[in-house]
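Undergrad: Line by line, the protein sequences are chains A and B.
Be aware that the first sequence starts at 4, since it is given in our numbering, and climbs by one per residue.
Be aware that the second sequence starts at 16, since it is given in our numbering, and climbs by one per residue.
Please note that the accuracy of each hint is not assured.
[Said to hold, decoys possible] Below are the BS3-like pairs computed for lysine-lysine, each with C-alpha atoms no more than 27 Å apart in a straight line:
| id | chain 1 | residue 1 | chain 2 | residue 2 |
| --- | --- | --- | --- | --- |
| 1 | B | 276 | A | 17 |
| 2 | A | 197 | A | 336 |
| 3 | A | 112 | A | 321 |
| 4 | B | 137 | B | 212 |
| 5 | A | 321 | A | 110 |
| 6 | A | 112 | B | 212 |
| 7 | A | 110 | B | 165 |
| 8 | B | 27 | B | 137 |
| 9 | B | 27 | B | 159 |
| 10 | A | 112 | B | 165 |
| 11 | A | 163 | A | 311 |
| 12 | A | 342 | A | 110 |
Calculated from the structure, these hints are not laboratory results.
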Amino acid sequence: MKYIDEYRDGRLAKDIARQISEEVRPDVNYHFMEFCGGHTHAISRYGLEDLLPDNVRMIHGPGCPVCVLPIGRLDAAIALAQRPEVTLCTYGDLMRVPGSNGSSLLKAKAAGADIRMVYSTLDALRIAEAEPHREVVFFAIGFETTTPPTALALRAAIDKGLENFSIYCNHVLTPAAIQTILASPEVAKLGTVKVDGFIGPAHVSTVIGTEPYDAFAENFRKPVVVAGFEPLDVIQAILMLVRQINEGRYVVENQYIRAVKPGGNRKAQAEVAEFFEQRESFEWRGLGDVPQGALRLREAYSHYDAEKRFGLVTPASKDNPACDCGAILRGVKRPTDCKLFGTACTPDTPMGSCMVSSEGACAAHWTYGRFREHAKTKEIERSVA
Amino acid sequence: MNIAVVKPTRRKLDLRNGRVDLSHGAGGRAMGQLIEDIFHTAFDNDWLRAGNDQSAFAVPAGRMVMTTDGYVVSPLFFPGGNIGSLAVHGTINDVAMSGAKPLYLSASFIIEEGFPLADLAKIADTMGAASREAGVPIITGDTKVVERGKADGVFISTAGVGILPEGIDMRSNAARPGDCVIVSGSIGDHGVAVMSKRENLEFDTDILSDTASLHTLTAAMVAVGGPSIRLMRDPTRGGIAATLNEIAHQSAVGFRIDEEKIPLKPEVAAACEFLGLDPLNVANEGKLVAIVAPEVADAVFAAMLAHPLGQEAALIGHVVEDPHCFVQMETSFGGGRIVDWLSGEQLPRIC
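The following block holds chain A by itself, in its conformation from the complex (with noise of 0.2 Å):
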């Protein structure tokens, strides 16, 4: 196939894996953190880790939509949703994250709810107008790659002259997470988390470019490298950072040029900034609230806004207490430290959002690499035999 398998050749990532291995510092400990889902998603696919040498260790960060969505503003949806004059759109991922009390948008389907999956917003546009009698709501969800398609679908709403539809905004923001995981205590004083770098997104980066970046790399003298989703992406921004390190540089390098621009994606930017504003600060879940962590309508569209539509409060829902996801999603924890994890909690019965998306690191982990645990038990079985 031409430009997907150039960029999965075996081959040259092991050229690249010889490299990272002859570079590397023996005595240096080398941590980075992918930011996005989808970066941890090829690394577990492709089972990256067996490539790289055991002094460089890799931890996921919070770059996962669906897992980073607060039970509240879920609990809302569902509730949203049980509204016999609404439709709600989602996208399929959502489906069967666990809500409060063992509900999730699957069994509230289950129940009756009209709750529809779309691969669009195009779609809920197209329910919209089908079905005029219906108030359709598209649940929008995404870091700044899924915000276009979002306002797209609203300028489409306008021309269209469509008053039945609406979105309700989980719209969130990359730099303003990142910015927060460098300031916490785990990371900035009690050293309990090691980040050394950064892998940087890949397609928020083709939005919102690579200058966003600029000022943590220097303020917190971190180096980061955006990088494609691919593994040879991976790989190679791996072998870029190392290299930061090796030569006390803290920049931000684009390893993904083939499709992001310094200064990203103009016309997506303008077309977000006419329909949304940020938020003052938002909940992600696992960081707490993020200060200008996410975006909302502007008061011009708060027609289309279903949160002031509804009149919707977001309940304040807690996590199941045994369930380690906010403390995996800061890198505080490894999926195996959670007592839940491949016991209580599995893709197939999930407690918590990690397990859920396939870009969440429990789910990454537990579908792709959880053979590793098991041969490392019993390496050491064997030492010790």
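Given chain A, work out where chain B should sit, using these hints.
TA: Just chain B now, with coordinates in the frame of chain A:
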């Protein structure tokens, strides 16, 4: 007095514009006509012509197998086939995966009021052609009509019976470490073909469903491999990932497979890429996975390659000892990973 026997004129079924109505399932003349004009015409054989509610057939000596299956695919028509071809091929394959020779089928139709007669005739004709081609007749059936909205077009239930060759007794717990894993051809074709016609998802592709009866392929394999073929499965829903995980758990073994060896059409790989699917999880309707003892693997493999439905067969890995029953794969990138069951539903109503 001369009483003339007046034969009422029977209006032909309007196969062009007519639709199934509730009278077609009511047990009266209309139902009789539907069965005769559509199903008997399409499936035509002596058993059906006898017009009984059941069919009698001679039973050869030996052990028999029986299977039953339901078909609810959406859309009903897709590139490479329709619900009718799936019903015949799928049932024959379920019988054939035991190593048995399929003999007879039954078919039961649950039809939604308003369903076009033309579509029903097309589906029945496809089934008739598929069963004739396979040499496995449909010898009994049933028809029900339900009110509009109580079904989705047509659902088909089938049963199939077959006879096992002497000494063949394949079991799900028979895989042993060292056995070879052979797949009969490229994976994921059916799932991608169906998906390409799904509402809201339509995309252009030349991929056709691989729907096919595999019993002549299995017969050729059994002829050379005999009881050393441990077991065979057709990887339908859940794809080869689900099939290998099932076998791993049933046989208490693990698998090591090699991603580069798995046959995959570039078009299917491309479609899976933009749909976010793993081809290992995507359904097949004309492929099989065989677990074969190493001593006959070469002969079985050669027999597969010599058969039209096994020309792209590939040895994709081995059975290994593993108390965790993991299906592990060496990725083409060079790392290792687990191949797991899919969680939740990737694509409802694929067959």
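Undergrad: For each hint, tell me whether it holds in the structure or not.
TA: Right, here's what the structure says about each hint:
1. 276/B with 17/A: Holds, at about 19 Å.
2. 197/A with 336/A: holds (12 Å)
3. 112/A with 321/A: holds (23 Å)
4. 137/B with 212/B: With a Cα-Cα distance of about 18 Å, the restraint between residue 137/B and residue 212/B holds, given a limit of 27 Å.
5. 321/A with 110/A: holds (19 Å)
6. 112/A with 212/B: holds (24 Å)
7. 110/A with 165/B: holds (22 Å)
8. 27/B with 137/B: holds (17 Å)
9. 27/B with 159/B: holds (20 Å)
10. 112/A with 165/B: OK: residue 112/A and residue 165/B at ~18 Å, within 27 Å.
11. 163/A with 311/A: Satisfied, since the Cα-Cα distance of roughly 21 Å is no more than 27 Å.
12. 342/A with 110/A: OK: residue 342/A and residue 110/A at ~26 Å, within 27 Å.
The structure shown violates none of the earlier numbered hints.
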